[in-house]
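Chain by chain, the residues run as shown.
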Amino acid sequence: MRWATRAGCHVDRAACAWLIRRYVDAEPEFVFVTDPDDVPADAEPFDIRGAALSHHGGDCSFETILRRYDLTDPVLWDIARIVHEADIGDDRYDAPEAPGLDALCRGLSLVLDDHRLLDVANTMFDGLYEHRRRALAGGFGPA
Amino acid sequence: MPRRPWVLMVYRLPREPSTPRIAVWRKLRRLGAVQLGDGVVALPESAETIEQFDWLAEEVTEAGGDALVWTDARTSGAQERVLLGRMAEALSGEYVVVAATAADAPGDPAARLRLVRQLRRDLYRIDRRDHVHPPEREAARRAVDELAQAAAVQP
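Protein sequences, first through last, are from chains B and Y. For the first sequence, numbering that gives the first Met the number 0 begins at 0 and goes up steadily by one. For the second sequence, numbering that gives the first Met the number 0 begins at 0 and goes up steadily by one.
Rather than coming from a laboratory, the hints here were simulated on the basis of the structure. Each hint should be verified, as a subset may be incorrect.
Computed spacing ranges between beta-carbons, pair by pair [said to hold, decoys possible]:
#1 B:68 x Y:73: 38 to 48 Å
#2 Y:77 x B:121: 42 to 52 Å
#3 B:40 x Y:29: 30 to 40 Å
Backbone N, C-alpha and C fix where the C-beta goes; we use that ideal spot for every residue, glycine too.
Given these sequences and hints, build the entire structure.
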């Protein structure tokens, strides 16, 4: 199905697109708009003002999508902690990884268009997931 | 200096309950927004600051108020300097506190290292809302770096 979000993707949108592709819709088509009015009628909008799948009650869009689709995997919620702080930075969570993720996404958005950015972010979040999965599992750690 | 575009948010929130009012006020402070009047705030425009005001406007609306975000607002060079000066003034005091805390560090090496970590976190938080980089910023960073070096060479 089609998913629409604002052009000029940053960390929350990149993370949402990864989440959608991995857990909600295996073959998503992403559309980028500059004005919420331009969202196509057949597309589900996310991380855009006025959309259901966006910031609500202090949550970032990544957290909203986790709640909406009942995704309870603790690794995803651990990634949500990092995405929330990288995106909003309100110190709701302790996320020392957030400034690094923020810098990486900002930099990537300067050198890639939105489609390429989501491709690269996909691999990045796959890696982050695996890292956090091992870290949460304990034992010999994420190395 | 060329005049820069600003993004403005014009908002109104019910007087009661006061919790959302305070939450919005705290967020505006964290963004480093400059107050232009009652319910009118501004930031130098970028994709990021437009987005920040968009989300805050959404929050105002959810709390029963109303908010409009205006982009590409420009004013005269003189008025722009006044606004940037006010933003710098608000930040410089915080940088001065960081520099003074670093200068007045405890002698114990472990305590010094803890202080370095804390001050670097403080600097990161101030930096996120610093759109003007007053001279005190560089002085504060230097003071913390010097403290970190001193802590590292201590026995």
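Here is how each hint holds up against the structure:
no.: 1; hint: B:68 x Y:73: 38 to 48 Å; in the structure: holds, 43 Å
no.: 2; hint: Y:77 x B:121: 42 to 52 Å; in the structure: holds, 48 Å
no.: 3; hint: B:40 x Y:29: 30 to 40 Å; in the structure: holds, 37 Å
Checked against the numbered hints above, the structure breaks none of them.
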